[in-house]
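Working from the sequences, and respecting the hints, build out all of it.
Residue numbers (numbering that gives the first Met the number 0), protein chains in the order written: chain A, 0 to 386; chain B, 0 to 386.
Heads up, some of the hints might be wrong.
Copies of the same chain look alike in the list, so a pair counts if it fits in one copy or across any two.
To be verified - The calculated DSSO-like cross-link candidates involving lysine-lysine, where the alpha carbons are at most 27 Å apart (straight line), are:
| # | residue 1 | residue 2 |
| --- | --- | --- |
| 1 | K316 | K57 |
| 2 | K72 | K314 |
| 3 | K72 | K316 |
| 4 | K316 | K157 |
| 5 | K283 | K375 |
| 6 | K147 | K81 |
| 7 | K283 | K57 |
| 8 | K314 | K57 |
| 9 | K147 | K157 |
Since the hints were made in silico from the structure, they are not lab data.
2 protein chains.
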Amino acid sequence: MLQPELKRRRDKIRVLMAQHGIDAALITCNVNLFYTYGRIISGYLYLPLDAPAHVFVKRPNDIGGEHAHPIRKPEQLPDLMKEAGLPLPKRLMLEGDELPYNEYSRLAACFPDAEVLNVGTALIRQARSVKTELELEMFRRSAAAHAKAYEQVPSVYKTGMTDLQFSIEIERLMRLEGCLGIFRVFGRSMEIFMGSLLAGGNAAVPSPYDFALGGEGVDPSLPGGANGTLIQAGQTVMVDMGGNFYGYMCDMSRVFSVGRLPEKAYAAHQTCLEVQETVAGLAKPGVACEDLYNAAIRVVEKAGWSDCFMGAGQKAKFIGHGIGLEINEAPVLAPRIRQELEPGMVFALEPKIVLPGIGPVGIENSWAVTAEGVEKLTLCREEIVEL
Amino acid sequence: MLQPELKRRRDKIRVLMAQHGIDAALITCNVNLFYTYGRIISGYLYLPLDAPAHVFVKRPNDIGGEHAHPIRKPEQLPDLMKEAGLPLPKRLMLEGDELPYNEYSRLAACFPDAEVLNVGTALIRQARSVKTELELEMFRRSAAAHAKAYEQVPSVYKTGMTDLQFSIEIERLMRLEGCLGIFRVFGRSMEIFMGSLLAGGNAAVPSPYDFALGGEGVDPSLPGGANGTLIQAGQTVMVDMGGNFYGYMCDMSRVFSVGRLPEKAYAAHQTCLEVQETVAGLAKPGVACEDLYNAAIRVVEKAGWSDCFMGAGQKAKFIGHGIGLEINEAPVLAPRIRQELEPGMVFALEPKIVLPGIGPVGIENSWAVTAEGVEKLTLCREEIVEL
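Dropping the structure here:
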């Protein structure tokens, strides 16, 4: 990755560090390293406020360059920094929401003269929430590949398939279009394979994970998504695969059916499209996330779908979420979130309704906030597609 | 899962707690919850030394039973424990190597009168390293499914494929045989999709991840495994997919070739099989891991393959590793590891050699330690198979 792009990203973090009186960051979690260094290493990026960043690398063993130094263990950091002519930290931030307690404590102990602050994750995620031009371009490319895979979804369906079999063929389509497969999610309790495919009644099964919808899964060790149910006529299938093509987690859901559905399915789906139109029409820099959420709820209430909006028995308490190197970034479109949209933010908007006896309907697209409004990234037909 | 099985697992942890003078554990990380509760929840399992375990559940919202209580936030724990008639902890262990620093600190602050110890991960992983009969049975089932998928690998190869295209078809085979896809690994810095497929020279590319071999990957955001290289005649392909069929990470590698290979490839492969035979012949309860490692190195040195054993430019410093709910558990077959094998341990043994200009050869199987020796779980032909 080009140095000016990396410098731009590091400077976004430095601005936030300066606001908090922090003079250095030690960055060691994979997505944050990828963000600030352009590649993943086993090691540390030391980011002083007023000096160039240096990396200290355990693995791989082939990294060179003026600002790269080999290291075996973190206790060597202070000496290596001095040798490199770097200022030692006075107020140092670590990735407090990502580093395990024991590793954080070990790193903090390497700098006994520094005040160590646990806000590294929060500030870096804040910086990451507003994308650079290059990141927006990566998202556009991901979205195009994601849409191209989804266009082929009907071609891999065969009568008599289970949700799991259908999912496997769609996973293959995604991979053949370049999807890296790995699904990066923030938070230690969140787990998912490549995404979620929910058919019929399974969409109403509550899950421990805080995704928009649940599903039983096929094994208790991974309780979410497809559960091996037969895909049946008169029911819906929602495909919600993670679109990680270049490191950026594009997000997109589409609904399919076997044969014609009861009329109320189309009505509920139409309500979700109206929610999307309403929210997208309001979304622009300066608008608060909670206002977008509340506008969505008003559309749903007026249409009479409150009971099954964002889940049936267990409901998600958001209609959208920031996306980036992880599927769940800032901002969150949820009640009481006063955060305002900014140009360069990218979010998924996913109004969904779970209909008893039928299954899930609704839509999800990825959107970038522009100077005046929002740009839809995931361009693919939005009606319920008959398989 | 049956209560006696769960009680057995919890009691294994309690024995270790008692040895460390710990009177309670608060367990909240997914694999540890699955191990002790039989399912994954968003919430907490409270495990007192001398009283039954209780769970406090945020999600899903459909968990009932005498010992289950709904909860919104961890600060409610002490009051909810008192209401349930549970003893409050005096010396409480938390999952110090898994919980993020900020979450650990928040949980510890809920128990201001307790001494909080960061050894939860270490003790639970110690308990998990010796499998129960049921866990061994799950591993046998996983291994059978894993082998069944690998037997079909040649059937999905087509001339002119890249390593990535071949990998995608094998991923599909694995999924169709029931593989859950998700690859659970311990340690925040380790990442991989479903596994690794390494063809030709790509096997020598060093990676930041601490797996046995590296590979470039197809994108800098995931630097490991297949890199889009064309599979060529006279080169090898090593398939090393994660065998997570029922939550247990079975591990297995096999080597394939397009056409006949140079003779030294078969010689090097044979050396790896001899390493396997030697180590498996020595392995039994009471044998130290380092002795197994050293025995392997002697075979390799004698055969003259030291330079390219366990990698070329960058080498793995182990020949095997415990497996379980995660791919990297105790014990580790590595230098200076004095830990002794115990009946019920399960490990992967993976002697591999990377040959310049040809690619990787070698073998990996999963083994269970029995009363007298070891049992091979992954039964599938071990020679280099021509595609």
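Measure nothing new, just compare the shortest in-copy and cross-copy C-alpha distances for K283 and K57 to 27 Å and report within, between, both or neither. neither (43 Å within a copy, 34 Å between copies)
When no copy is specified for K147 and K81, does a C-alpha distance of 27 Å or less occur within a copy, between copies, both, or neither? Neither. Shortest intra-copy (51 Å) and inter-copy (56 Å) distances fail the 27 Å Cα cut-off.
For K147 vs K157, is the C-alpha pair at or below 27 Å within one copy, between two copies, both, or neither? Both, since 20 Å and 24 Å are each at most 27 Å.
Up to 27 Å between alpha-carbons, please classify K314 paired with K57: within, between, both or neither. Answer is between; shortest inter-copy Cα gap is 13 Å, intra-copy 44 Å.
Intra- versus inter-copy proximity for K314 and K72 (alpha-carbon distance at most 27 Å): between (45 Å within a copy, 18 Å between copies)
How would you label the pair K316, K157 (within, between, both, or neither) given a Cα cut-off of 27 Å? neither (35 Å within a copy, 47 Å between copies)
Given a CA cutoff of 27 Å, do K316 and K57 count as a within-copy pair, a between-copy pair, both, or neither? between (41 Å within a copy, 13 Å between copies)
Go through the copies and call it for K72 and K316: within, between, both or neither, with a Cα cutoff of 27 Å. between (42 Å within a copy, 16 Å between copies)
Since the copies are identical, ignore which copy is meant and state whether K283 and K375 lie within 27 Å (CA to CA) inside a copy, between copies, both or neither. Cα proximity of K283 and K375: one copy only (13 Å, versus 61 Å across).
Checked against the numbered hints given earlier, this structure breaks hints 4, 6, 7; the rest are met.
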